[in-house]
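K.L.:
Spelled out, the chains give:
Number of protein chains: 2
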Amino acid sequence: MKNFEFYNPVKIYFGKDEIDKLSEILIPYKKIMFAYGQGSIKENGIYNQITEQLKNYNYVEFAGIEPNPSYETLMKAVKIARKEQVDFILAVGGGSVIDGVKFIAAAVKYTNRDPWEILSKQIEITDAIKIGTVLTLPATGSEMNGTSVISKYATKEKLAFGSPLLMPVFSILDPQTIKSLPDIQIANGIVDAYVHVIEQYLTYPSDAKVQDKFSESLLKILIEIGQELLNDRNNYELNANFMWTATMALNGLIATGVPTDWSTHLIGHEITALHGIDHAQSLAIVLPGVMQVMKEDKQDKIIQYAKEVFNIYNADNEETIKSAIVKTEEFFKSLGIKTKLSDYNIDETITKIIPQRLKERRYLKLGENKNITPDIVEKILKIRL
Amino acid sequence: MKNFEFYNPVKIYFGKDEIDKLSEILIPYKKIMFAYGQGSIKENGIYNQITEQLKNYNYVEFAGIEPNPSYETLMKAVKIARKEQVDFILAVGGGSVIDGVKFIAAAVKYTNRDPWEILSKQIEITDAIKIGTVLTLPATGSEMNGTSVISKYATKEKLAFGSPLLMPVFSILDPQTIKSLPDIQIANGIVDAYVHVIEQYLTYPSDAKVQDKFSESLLKILIEIGQELLNDRNNYELNANFMWTATMALNGLIATGVPTDWSTHLIGHEITALHGIDHAQSLAIVLPGVMQVMKEDKQDKIIQYAKEVFNIYNADNEETIKSAIVKTEEFFKSLGIKTKLSDYNIDETITKIIPQRLKERRYLKLGENKNITPDIVEKILKIRL
Numbered sequence: 000m001k002n003f004e005f006y007n008p009v010k011i012y013f014g015k016d017e018i019d020k021l022s023e024i025l026i027p028y029k030k031i032m033f034a035y036g037q038g039s040i041k042e043n044g045i046y047n048q049i050t051e052q053l054k055n056y057n058y059v060e061f062a063g064i065e066p067n068p069s070y071e072t073l074m075k076a077v078k079i080a081r082k083e084q085v086d087f088i089l090a091v092g093g094g095s096v097i098d099g100v101k102f103i104a105a106a107v108k109y110t111n112r113d114p115w116e117i118l119s120k121q122i123e124i125t126d127a128i129k130i131g132t133v134l135t136l137p138a139t140g141s142e143m144n145g146t147s148v149i150s151k152y153a154t155k156e157k158l159a160f161g162s163p164l165l166m167p168v169f170s171i172l173d174p175q176t177i178k179s180l181p182d183i184q185i186a187n188g189i190v191d192a193y194v195h196v197i198e199q200y201l202t203y204p205s206d207a208k209v210q211d212k213f214s215e216s217l218l219k220i221l222i223e224i225g226q227e228l229l230n231d232r233n234n235y236e237l238n239a240n241f242m243w244t245a246t247m248a249l250n251g252l253i254a255t256g257v258p259t260d261w262s263t264h265l266i267g268h269e270i271t272a273l274h275g276i277d278h279a280q281s282l283a284i285v286l287p288g289v290m291q292v293m294k295e296d297k298q299d300k301i302i303q304y305a306k307e308v309f310n311i312y313n314a315d316n317e318e319t320i321k322s323a324i325v326k327t328e329e330f331f332k333s334l335g336i337k338t339k340l341s342d343y344n345i346d347e348t349i350t351k352i353i354p355q356r357l358k359e360r361r362y363l364k365l366g367e368n369k370n371i372t373p374d375i376v377e378k379i380l381k382i383r384l
Numbered sequence: 000m001k002n003f004e005f006y007n008p009v010k011i012y013f014g015k016d017e018i019d020k021l022s023e024i025l026i027p028y029k030k031i032m033f034a035y036g037q038g039s040i041k042e043n044g045i046y047n048q049i050t051e052q053l054k055n056y057n058y059v060e061f062a063g064i065e066p067n068p069s070y071e072t073l074m075k076a077v078k079i080a081r082k083e084q085v086d087f088i089l090a091v092g093g094g095s096v097i098d099g100v101k102f103i104a105a106a107v108k109y110t111n112r113d114p115w116e117i118l119s120k121q122i123e124i125t126d127a128i129k130i131g132t133v134l135t136l137p138a139t140g141s142e143m144n145g146t147s148v149i150s151k152y153a154t155k156e157k158l159a160f161g162s163p164l165l166m167p168v169f170s171i172l173d174p175q176t177i178k179s180l181p182d183i184q185i186a187n188g189i190v191d192a193y194v195h196v197i198e199q200y201l202t203y204p205s206d207a208k209v210q211d212k213f214s215e216s217l218l219k220i221l222i223e224i225g226q227e228l229l230n231d232r233n234n235y236e237l238n239a240n241f242m243w244t245a246t247m248a249l250n251g252l253i254a255t256g257v258p259t260d261w262s263t264h265l266i267g268h269e270i271t272a273l274h275g276i277d278h279a280q281s282l283a284i285v286l287p288g289v290m291q292v293m294k295e296d297k298q299d300k301i302i303q304y305a306k307e308v309f310n311i312y313n314a315d316n317e318e319t320i321k322s323a324i325v326k327t328e329e330f331f332k333s334l335g336i337k338t339k340l341s342d343y344n345i346d347e348t349i350t351k352i353i354p355q356r357l358k359e360r361r362y363l364k365l366g367e368n369k370n371i372t373p374d375i376v377e378k379i380l381k382i383r384l
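From first to last, the protein sequence lines stand for chains A and B.
End of the first sequence = 384 in numbering that gives the first Met the number 0, gap-free, step of one.
End of the second sequence = 384 in numbering that gives the first Met the number 0, gap-free, step of one.
Chain A on its own, in the form it takes in the complex (with noise of 0.2 Å):
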């Protein structure tokens, strides 16, 4: 096991009606932004419960955040937020809302440049505006961790960024907020909780008994509750052990004394900066990709997760990891998601394009061994055409 520091200050109200605490959790704060994304919670009845618990309070609202938020839009909140002074912004929606709302907190502070730099020059957070969260879509693991992921029209561009500032004071999980959830945004979310996961556990071995041992209990959660969840989306114990599970995928604790990779993450932002394809999309069509081109690093930690997950044993290690990656490619299939470039329209150009992007952003040696170089890149690329 590799030595870690772990720290997670989030305070997690989870469960039905949970809600109902907003309003006294939010006494420390005097003026607060609500921010929300493009609507959806007038819908569902959500928008109505949330103003009712800020009925007392000084607030201004901010709506219109988008998936896959972006620098241009948050940047009019920043503007809102400094004017208004507010000094607290609640994010109502999911990890677009709280990632976005992750960079206002952090951008209203950086006043002598522009913000983006935060994330173009990975300039250290020093300073941000406290944040809490409602989640209404579980997914991204944003609810309970410090780092958001913003897009940028003008360039094409989608980068990371992160600082133990922006993790949420508090998150409110009521499982309730996602039973009208379209299929697509609950697929979405699976796969999304599903390669988290893998990005901190198909590895190489570190002997981490406990982090290994989650990590294949929420991969099998994952698989065992997906088609249900689609099925039956008013499900209560279905839809609280889904968002439970997805906040557990991303909240450094299975991340704790091991390496991880990502490469599946920065490949695919980079089609979902280029084509607008779903997050959770790119992420499907990547990772068998990754598992394929780089099976020899990964071997013993593939054949680990072959037998525990998916219960295959086979003499010959090469038929056990070509079985893992066929099981996982079925599973994303399984839930509608696609697995192919070609399927979202996306041709070979692409396969030269971002390899291209990568080295002009410095990304040359991606992955848990920092040997996928953009070449390897365009070799994961080619195969999932």
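Please note: incorrect hints may appear among the correct ones.
For identical chains, the list gives no copy identity; a pair is met inside one copy or between any two copies.
[Stated by the list, open to error] Simulated crosslink set (DSS-like; lysine-lysine; CA at most 27 Å straight-line): (1) Lys82 / Lys29; (2) Lys378 / Lys29; (3) Lys326 / Lys337; (4) Lys151 / Lys326; (5) Lys108 / Lys10; (6) Lys294 / Lys369; (7) Lys30 / Lys108; (8) Lys10 / Lys337; (9) Lys294 / Lys1; (10) Lys294 / Lys151; (11) Lys1 / Lys219; (12) Lys30 / Lys339; (13) Lys306 / Lys326; (14) Lys326 / Lys381; (15) Lys369 / Lys15; (16) Lys326 / Lys219; (17) Lys1 / Lys20; (18) Lys306 / Lys219.
Bear in mind the hints are in silico, worked out from the structure with no lab data behind them.
Given the coordinates of chain A, assemble chain B onto it according to the supplied hints.
P.N.:
Just chain B, lined up with the frame of chain A:
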């Protein structure tokens, strides 16, 4: 899944030589109390490591916190801490030292009346000195939670209390510190961690998939590494896995959204208070009795436990339950921990004394269903003679 709140802001520093960060971590504090146990840290070099880190600090030492830390000993530390205006207590040791320091931290601020009331009257803690820990014995999980168990010699009592204010600000877990521990302390630690998981798992089903699978993971790891740990005390990886497993067993995570039992602990505390046997030994005696007597309440989970942890598949539920109880007791014995009252020369008078003490203390309804009355405790103890 039940509604829950989860909040654990303890910062963990885990791994080789993490103790070297101590001098930096302690910067915010002005007057430190360095508290430890009965001197084993002077033999294994940890004392020197700590004083090296403290050399530029203003600190007082408090030595002599005993296993099952006592009110009598701790009140001496409370006097010193008040006089010296200590603003931080560093606990270096196992669960006893850490639990003891939690009492000191709360008692120092409880100035108007006898601090024993914090336990006897379960007074809510509203203020406490901040604490941090360097863990040298994995077992209790006290390094990552806010609870504590204190004994009082005068009345032969052993009681628990807790508060989020008593969570350590940080805990340093260096697996190197445990390589010189005697076998009995390792065996006790394994049993203690195991029973912690069981108290939060072996109740009734509440469809909490993450919590169940995480609990099963921890139990399986303890079984997998238990014997190896005793055979190979110098194995860093084994020690690291044991240390992190024991912490995860009682940091609140696996208790989220599920019922918990804790009757084995409450009954075990009485045995220790009366006869001075080790905490883990008392648990190893009581748990098989609780499983046997409460098997109807617990049957669904015992069957799940049998299957997931011991791979017992038997069409006959009665047989499955029996096997699970036998396997549990055998595991404790395999570590050298005896499991009957008579093994410790405790006679049958205890089967009357403990129910009587529980009545006096108004502990009339233990367990996840609040149906373990003093009469049932008598039954449990009788089958453990």
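K.L.:
Sort out which numbered hints this structure fails and list those numbers smallest first.
P.N.:
2, 4, 8, 10, 12
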